Amino acid sequence: MTINDVLVEDEPAVLILEALRGLQLRDETDGMSSLSGKIGGDSGAALLHALGRITARLRADDMRSFLPGATPNRRTQEQREADAFFILADRVDEALSEWRARNRS
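Mapping to numbering that gives the first Met the number 0: the sequence shown position 76 is 75, numbers consecutive.
Honestly, the hints are just simulated from the structure, not real lab data. Owing to the predicted nature of the structure, the values given are computational and were not obtained by experimental measurement. Ideal placement from N, C-alpha and C gives every residue a C-beta, glycine not left out.
Pairwise CB distance ranges, derived in the manner of DEER restraints:
hint : residue 1 : residue 2 : range
1    : ALA44     : THR1      : 17 to 25 angstroms
2    : GLY40     : PHE65     : 35 to 43 angstroms
3    : GLU27     : ARG74     : 14 to 22 angstroms
4    : ILE38     : ASP89     : 13 to 21 angstroms
5    : MET31     : GLU97     : 27 to 35 angstroms
6    : MET62     : ASP89     : 18 to 26 angstroms
7    : ARG56     : ASP4      : 18 to 26 angstroms
8    : ASP29     : LEU66     : 32 to 40 angstroms
9    : GLY40     : PRO71     : 37 to 45 angstroms
10   : ASN102    : ALA55     : 28 to 36 angstroms
Build out the structure end to end from the sequences listed, making use of the hints.
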């Protein structure tokens, strides 16, 4: 298995990492942060597909939280998307770190 075979959310982790590296974090005056940058091609598609999968699962979890006996999760779509971004970044880091640890010579 090569590093190119490591998948996160069924997308190549190296492509997602490439897209993430193209983003710049900017601190806003209200204490929030935003990301900006240009992504495209295979890396942009991998990032957007992976984020979409995680966001969809979070949305489904949030909807299930309104079933009887559950504690409702009232996060906004923006909060859900931010959560998905950090979950994805963590998963990419974990997957590539595990691959590197297994393939040290």
